[in-house]
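Asker: Chain by chain, the residues:
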Amino acid sequence: MTALAMPARLVARGLIARGLLAVLLLSPLVVTQAAVAAKAGAVPRAANGKPDLSGIWQTTSAADFDLEPHSARKDAPPGPGIVVGNVIPYLPDALERKQRNFAARNEADPRLKCFSLGVPRSVYYPEPFQILQRPRDLTLLHQFGHSVRTIHTNGTEHPDNPNDWWLGDSRGHWDGDTLVVDVRHFNDETWLDRAGNLHSDALHVVERWTLVDANTLQYRARIEDAKVYSRPWEIEVFLHRHREPNFQLIEDYCFTLDYDSYYPLPVTK
Amino acid sequence: MSKRRSSIAARAGTVAALPPIGAHRVLGWRPPLWLLAALVVPLAGPLATQAQIAIEKQVLVVAPGKWTGLRLADGQPDVQGHWSNTIGNHDNFTDPQAGTPGDPVRRRQLGPREERAPSRVSDPADGQLPYQPWARERQQEFLKYFFNPIAETYIEPLARCAPAGPIKSLFWHGYEIRQFPGYVLFLFNSGSRLIHLDGKPRLPDSVKLWNGDSRGHWEGNTLVVEVGNDNAKARLARTGEFYSENAKITERYSFDNTGQRYTYQATVTDPTVFTRPWTVTIPARRYNVTDTPSGWHYEVFPARHAGKQPIVEGYERTCVENNGGFGEVALPKAAPKP
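Chains A and B, in that order, are what the protein sequence lines are. Residue numbers for the first sequence follow numbering that gives the first Met the number 0, beginning at 0 and rising by one. Residue numbers for the second sequence follow numbering that gives the first Met the number 0, beginning at 0 and rising by one.
Calculated from the structure, these hints are not laboratory results. Where hints are given, some of them may not hold.
With a straight-line cut-off of 16 angstroms between C-alpha atoms, the simulated EDC-like cross-links for lysine to aspartate or glutamate are [claimed, not checked]:
#1 A/LYS97 to A/GLU188
#2 A/LYS112 to A/ASP259
#3 B/LYS207 to B/GLU225
#4 B/LYS307 to A/GLU156
#5 A/LYS49 to A/ASP259
#6 A/LYS49 to A/GLU156
#7 A/LYS226 to A/GLU95
#8 B/LYS247 to B/GLU225
#9 B/LYS143 to B/ASP102
#10 B/LYS199 to A/GLU243
#11 B/LYS207 to A/ASP251
#12 B/LYS207 to A/ASP259
Anything over 10 angstroms on all C-beta distances counts as not near chain B; from chain A, calculated [claimed, not checked]:
#13 SER53
#14 ARG72
#15 PRO77
#16 VAL82
#17 PRO91
#18 PHE101
#19 ALA103
#20 VAL147
#21 ASP159
#22 ASP181
#23 ALA225
#24 SER229
#25 TRP232
#26 ARG242
#27 GLU250
#28 PRO263
Residues on chain A that point at chain B, a partial pick, calculated with CB under 10 angstroms [said to hold, decoys possible]:
#29 GLY154
#30 THR155
#31 GLU156
#32 ASP168
#33 TRP173
#34 ARG219
#35 ASP259
Glycine included, C-beta positions come from ideal geometry on N, C-alpha and C.
The whole structure should be built from the sequences, with the hints applied where relevant.
Answerer: Okay, here's the thing in structure tokens:
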């Protein structure tokens with residue numbers, strides 16, 4: 000491949016790797032292309048050439064309060080929603096259950112017990128999570144509840160006879176620069192948001208993770224559950240990299256807070 | 000370090016005669032005969048599970064030194080994979096194979112002390128924690144009520160799904176180590192620990208954490224970690240040992256160059272509770288695809304894939320969600336009636 004035929008971002012990587020000498024050898028045209036790519040926010044890449052999603056991410060959206068468009072409530076800021084087409088296509092009985100969940104949301108949301116949030120809720124929940132990436136997998140370390148999800152990218156498949164998991168079973172592959180993750184084998188215990196949106200154990204989520212620039216991660220998910228929805232539907236939300244100097248996760252085993260006070264620091268004589 | 004090593008060797012009785020651990024090659028490594036012999040340790044008491052957990056009587060000490068084994072692209076020694084301690088679980092801190100004193104179910108006829116693995120306390124030499132008198136009373140009080148918890152405070156937090164804390168996590172269930180540029184991540188049966196090698200500053204002292212705040216670096220074969228910010232709410236074992244929120248812990252994870260063993264040695268400095276610093280030693284071994292999965296040391300299942308190389312994966316770790324203390328693996332098929 001000649002330098003001219005290389006995609007601009009590969010040239011940009013080459014510049015870093017080869018140093019000034021390479022710059023001198025390249026044509027002015029290619030240098031210009033590289034500069035444009037850098038200005039648009041070339042995405043970081045791992046040693047294997049795949050986009051490097053490592054970092055600490057968080058949504059600024061109000062998605063966790065309600066996936067659907069909603070005006071302000073006592074317990075939620077207003078939000079435009081992140082559902083493509085605005086409305087979750089519930090089957091009639093599921094819609095009734097959702098409405099009951101909504102009425103009981105301030106007591107019945109599993110998040111109040113600090114249970115694992117499930118997928119996709121753990122992605123747009125308003126606490127940071129850290130992605131740690133290896134060629135074989137991505138580890139998602141969530142501050143909330145300190146739950147850990149592994150997205151396998153080593154060609155392994157969903158287990159044959161699986162348990163139902165709180166976070167599902169995640170198998171990913173790279174479709175160009177997009178990480179596509181097939182998530183199955185959920186239980187029916189988690190909610191999708193604080194408004195009581197729900198799913199069953201037949202939930203099937205296909206996620207698409209794409210870095211649109213170095214600090215912005217586009218997250219799209221197709222959500223399918225024949226027991227609950229009349230058709231598959233999609234969400235789309237952006238995640239932003241925490242760029243504050245020295246920002247880091249702080250462990251949040253919030254389920255311990257209910258009994259925390261029984262364990263006074265044993266320094267009292 | 001050599002003094003500490005000989006101290007353990009003397010109490011274990013046999014370690015001094017062991018071959019140097021660094022001598023094994025990565026490929027074709029076979030456990031030496033002494034090790035195979037130690038894998039089946041007849042223990043007092045009827046429980047096979049205890050024998051499976053406490054697989055060795057000796058404390059194998061890997062000395063700090065050079066790393067000649069595999070390395071990751073960022074230069075870290077590659078110690079990724081599944082590990083578990085070799086001498087016993089959290090029943091008892093200073094007599095790891097004796098069970099918890101007062102256990103009404105698992106009564107044991109204990110033989111002479113030297114028949115069991117030595118205390119995890121490797122300094123002081125007597126294997127006992129150098130408590131201030133009031134603190135020993137507090138430890139004894141917890142132990143007294145452990146099997147009859149008349150108040151909430153006597154229930155072990157780990158039994159309520161709390162993380163076990165930085166030391167006990169290493170001799171509870173098996174665990175996985177993953178490494179990334181700037182990080183070493185421990186995934187325990189209950190909780191996880193992200194050790195920062197990235198140079199970011201420690202969290203402020205006012206932030207207290209079940210698993211503490213960990214900042215580390217590699218010195219040859221040894222991961223050195225400074226731990227602070229511990230909320231001191233966990234106990235070190237069912238026998239009630241503890242330190243305070245003022246504790247500073249310096250950990251040394253020394254890995255054998257074959258990648259099959261490591262020794263954890265940590266010095267705890269806490270003038271609030273103890274009369275002097277003390278050191279805990281925990282031996283660990285690697286588990287890999289040739290080992291049989293078990294509900295204690297090696298909670299994995301074979302991944303489904305088209306390739307020929309076996310791949311294992313860990314189970315999702317949940318605890319509070321299931322109202323049970325052992326994640327998915329040890330969940331009963333049907334929940335017991337209350």
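Asker: Each hint needs a verdict: does it hold in this structure or not?
Answerer: How the hints compare with the structure:
| no. | hint | in the structure |
| --- | --- | --- |
| 1 | A/LYS97 to A/GLU188 | holds, 13 angstroms |
| 2 | A/LYS112 to A/ASP259 | holds, 14 angstroms |
| 3 | B/LYS207 to B/GLU225 | holds, 15 angstroms |
| 4 | B/LYS307 to A/GLU156 | holds, 14 angstroms |
| 5 | A/LYS49 to A/ASP259 | violated, 43 angstroms |
| 6 | A/LYS49 to A/GLU156 | violated, 20 angstroms |
| 7 | A/LYS226 to A/GLU95 | holds, 13 angstroms |
| 8 | B/LYS247 to B/GLU225 | holds, 7 angstroms |
| 9 | B/LYS143 to B/ASP102 | holds, 10 angstroms |
| 10 | B/LYS199 to A/GLU243 | holds, 12 angstroms |
| 11 | B/LYS207 to A/ASP251 | holds, 10 angstroms |
| 12 | B/LYS207 to A/ASP259 | holds, 12 angstroms |
| 13 | SER53 | violated, 7 angstroms |
| 14 | ARG72 | holds, 28 angstroms |
| 15 | PRO77 | holds, 31 angstroms |
| 16 | VAL82 | holds, 27 angstroms |
| 17 | PRO91 | holds, 30 angstroms |
| 18 | PHE101 | holds, 22 angstroms |
| 19 | ALA103 | holds, 19 angstroms |
| 20 | VAL147 | violated, 6 angstroms |
| 21 | ASP159 | violated, 6 angstroms |
| 22 | ASP181 | holds, 13 angstroms |
| 23 | ALA225 | holds, 24 angstroms |
| 24 | SER229 | holds, 29 angstroms |
| 25 | TRP232 | holds, 26 angstroms |
| 26 | ARG242 | holds, 13 angstroms |
| 27 | GLU250 | violated, 5 angstroms |
| 28 | PRO263 | violated, 7 angstroms |
| 29 | GLY154 | holds, 6 angstroms |
| 30 | THR155 | holds, 4 angstroms |
| 31 | GLU156 | holds, 5 angstroms |
| 32 | ASP168 | holds, 8 angstroms |
| 33 | TRP173 | violated, 17 angstroms |
| 34 | ARG219 | violated, 24 angstroms |
| 35 | ASP259 | holds, 7 angstroms |
The structure fails hints 5, 6, 13, 20, 21, 27, 28, 33, 34 (numbered hints given earlier, in ascending order).
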